[in-house]
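*Asks:* The lines below spell out each chain.
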Amino acid sequence: EAQVTQNPRYLITVTGKKLTVTCSQNMNHEYMSWYRQDPGLGLRQIYYSMNVEVTDKGDVPEGYKVSRKEKRNFPLILESPSPNQTSLYFCASTKQGEQFFGPGTRLTVL
Amino acid sequence: AQSVTQPDIHITVSEGASLELRCNYSYGATPYLFWYVQSPGQGLQLLLKYFSGDTLVQGIKGFEAEFKRSQSSFNLRKPSVHWSDAAEYFCAVARGSTLGRLYFGRGTQLTVWP
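Here the protein sequences come in this chain order: A and B. According to the working numbering, the residues represented by the first sequence are 1050 to 1159, in order. According to the working numbering, the residues represented by the second sequence are 80 to 193, in order.
None of these hints come from the bench; they were simulated from the model. Just so we're clear, the structure is a prediction, and the values are computed from it rather than from any experiment. Using N, Cα and C, we set each Cβ at its ideal position, and we do this for glycine too. It is possible that part of the hints are untrue.
As the list claims (entries may be wrong) - On the chain B side, residues computed to face chain A include the following (Cβ under 10 Å): (1) Val83; (2) Gln117; (3) Gln124; (4) Phe130; (5) Leu181; (6) Phe183.
When you get a sec, could you build the whole thing from the sequences and use the hints?
*Replies:* Structure, rendered in structure tokens:
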């Protein structure tokens, strides 16, 4: 089944404790992205990747890192999480402009 | 810079009534346009997309949208709403040269009264 998977689905952590949210797609798509969704703000793109080892900033990259060492994986790294990064995060892979979204990761930073 | 505006934060309609959700974008050239739906507690599902050609596009679940270049709009319509259509709807735009770079509107929450 074609899909985008994210782990974990739910995470509660404390300020400053490094964390990684994994994302994997099995559709061999070149483009992948990370978004955060906050009430009243819609989805905002954090980072996107056009292919292996090629990434670029989106609208809200501050406080986040990404890497794309393999085509299928695109992890999101929060080196020192802060409470303002509490949000719902979506990974997506893209083919011909259509975004295929993962199920989301709800992150709470205390 | 590109932006997407969904003027209506919340819309309430009765079941069986027609629906129109508005979306305006700012971008010089012809954009790639999308509508996504998010049901409560769920991820996002593509309803329809416009890349080129016929300006009236059909999507899933009986939705359609019309691209109007002169008005920079891409409004979503449905002739008869069902209770299961209650969800949040997002309009999004991308440039042809960077399809991975997508800009979303803030969303319109749809409530359907029985």
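*Asks:* Where does the structure disagree with the numbered hints, that is, which hint numbers, in rising order?
*Replies:* none
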